[in-house]
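Using the sequences provided together with the hints, build the complete structure.
Protein chains in written order, with numbering that gives the first Met the number 0: chain A, 0 to 295; chain B, 0 to 295.
If you are wondering where the hints come from, they were derived from the structure by calculation, not from laboratory data. Remember, it's a predicted structure, so these values are computed and weren't measured experimentally.
Identical chains share a label here; the pair holds if one copy fits it or two copies do between them.
In silico lysine to any residue, SDA-like type, Cα no more than 25 Å apart, as pairs:
(1) 223 / 198
(2) 182 / 203
(3) 223 / 196
(4) 55 / 32
(5) 133 / 101
(6) 133 / 111
2 protein chains.
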Amino acid sequence: MTASIIDGKVIAERVREQVRQAVARMQEDYGYTPGLATVLVGENPASTTYVRSKRKTCEELGIRSVGSELPADATQQQVEHLVAALNADPAVNGILVQLPLPKHLDEEAVLNSISLEKDVDGFHPVNIGRLAMKGRDPLFIPCTPYGCIVLLEESGIPIRGAEAVIVGRSNIVGLPVAMLLQKRDATVTICHSRTRDLAEHVRRADIVIAAIGQTEMITGDMIKPGAAVIDVGINQKPDPTAKRGYRLVGDVDFESVKEVAGAITPVPGGVGPMTIAMLMKNTLRAAEIALAKRDR
Amino acid sequence: MTASIIDGKVIAERVREQVRQAVARMQEDYGYTPGLATVLVGENPASTTYVRSKRKTCEELGIRSVGSELPADATQQQVEHLVAALNADPAVNGILVQLPLPKHLDEEAVLNSISLEKDVDGFHPVNIGRLAMKGRDPLFIPCTPYGCIVLLEESGIPIRGAEAVIVGRSNIVGLPVAMLLQKRDATVTICHSRTRDLAEHVRRADIVIAAIGQTEMITGDMIKPGAAVIDVGINQKPDPTAKRGYRLVGDVDFESVKEVAGAITPVPGGVGPMTIAMLMKNTLRAAEIALAKRDR
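Next comes the structure, spelled out in structure tokens:
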């Protein structure tokens with residue numbers, strides 16, 4: 000058996016197209032254009048690339064993009080002052096502070112300073128608290144975990160009652176995706192570096208989310224036949240035949256796992272494209288909230 | 000083999016004694032007395048009993064107890080107004096709003112209105128968000144989950160690397176205790192009513208937390224030999240020989256489980272006494288925070 004490929008590029012384009020149409024309608028019906036502010040502190044190359052493609056996607060979808068850059072030695076006060084100005088700006092619906100921030104800054108305090116209704120990244124502690132709790136919903140779901148759920152749903156993979164094993168417990172992916180699956184009635188186990196028998200856990204799973212940042216560590220012998228495998232990892236693997244001397248691979252050994260799994264995301268082209276698509280969807284939602292407030 | 004009994008009464012008394020001594024020292028050194036405000040809305044008999052014993056324990060430990068009662072038909076505004084007054088009162092270090100609130104009230108909004116530094120129940124969404132996230136700590140840990148952790152620690156049961164299975168996913172016990180165990184490096188699985196093979200999961204566990212509210216549903220055949228079993232349930236079981244016609248039992252079938260487990264909490268006398276003890280500890284902590292602020 001060979002797994003069906005969950006095509007993140009196709010599903011992300013579907014999400015973007017929905018957003019594009021909704022933005023056009025909002026413009027037509029209300030003369031209102033959603034706006035996303037991106038804040039980049041310092042010149043981390045990966046962060047710069049991410050922010051650039053977020054801004055580009057905004058333009059493609061008709062969302063106004065407001066870019067702010069601060070130097071790597073910006074003070075806590077400067078960053079929070081900028082966030083406060085963006086909080087107050089009615090043309091800004093969503094605020095994305097690109098992480099990681101330089102080490103000397105207090106990340107939690109910065110995230111806390113973002114207005115809840117503009118927290119399109121979903122990392123405000125109140126949002127995470129709501130995400131964790133039964134009967135409560137966050138205003139915004141963090142983008143990458145949200146993308147994982149949409150990939151499963153769009154592929155018709157049942158979540159309710161499924162055994163889900165999350166490998167990795169980061170604040171950005173592992174923990175929130177665990178909470179999202181739990182809320183959708185999966186039975187969730189969170190594995191991490193202290194887990195005794197990782198393979199044994201993964202072998203039970205109907206749904207595997209790999210988000211541990213270890214090159215191809217999840218192998219075919221660890222997978223239950225027919226399982227759905229979502230690979231969040233992006234790792235550089237040395238490859239002399241590649242132009243840059245490496246190629247991008249996931250936390251999952253694609254070749255061996257695809258022979259056993261029922262469905263699998265490739266790297267690249269799986270979870271990757273979803274993150275920005277969900278950010279656009281969250282920005283649209285923030286604009287809808289602002290618009291509803293304006294017209295009240 | 001018969002399990003050793005984890006005596007919640009003894010461990011809770013140890014916690015209370017620490018608090019009593021610290022309160023006396025605070026009084027002596029700073030002339031400062033911690034204060035706990037309890038808010039009771041309506042006349043739910045169980046809530047009335049709980050609040051009464053919280054107030055009584057305060058007195059025993061030298062903590063000032065400030066009681067407020069509102070009628071069952073109190074408005075949202077009345078409750079929030081009372082909380083605001085307690086937030087502003089420097090003699091009040093901790094505010095406990097007894098749950099559940101009458102159905103017409105917005106519980107989340109009430110909990111949100113409690114000042115973070117007085118949230119001794121630990122149910123403010125920001126506290127829960129911090130509890131869920133790596134690298135962050137809540138100001139206060141919710142009392143019953145905190146009590147479960149102390150019972151394990153005081154009994155010398157290793158948590159790091161252990162397989163922990165939580166049965167039940169309430170906001171008050173199941174979810175926060177899962178997060179606490181996860182942060183202490185257990186591999187955690189959260190089971191619930193949609194879990195397919197509950198017995199299979201429980202059988203893997205080195206630590207079982209039963210918090211599902213089902214009379215004696217965890218039985219000896221589901222337990223791994225030597226496991227530690229913490230029973231959070233309090234259920235009424237019909238018993239014609241008892242004065243009231245019933246006796247209190249847990250979610251765990253004590254008789255069969257104690258033959259297999261390594262350690263087990265009884266009901267009553269296990270988790271029950273811990274909840275109030277941890278509330279007292281949280282109130283002491285709130286007073287320490289207030290005192291540090293005053294002296295700054």
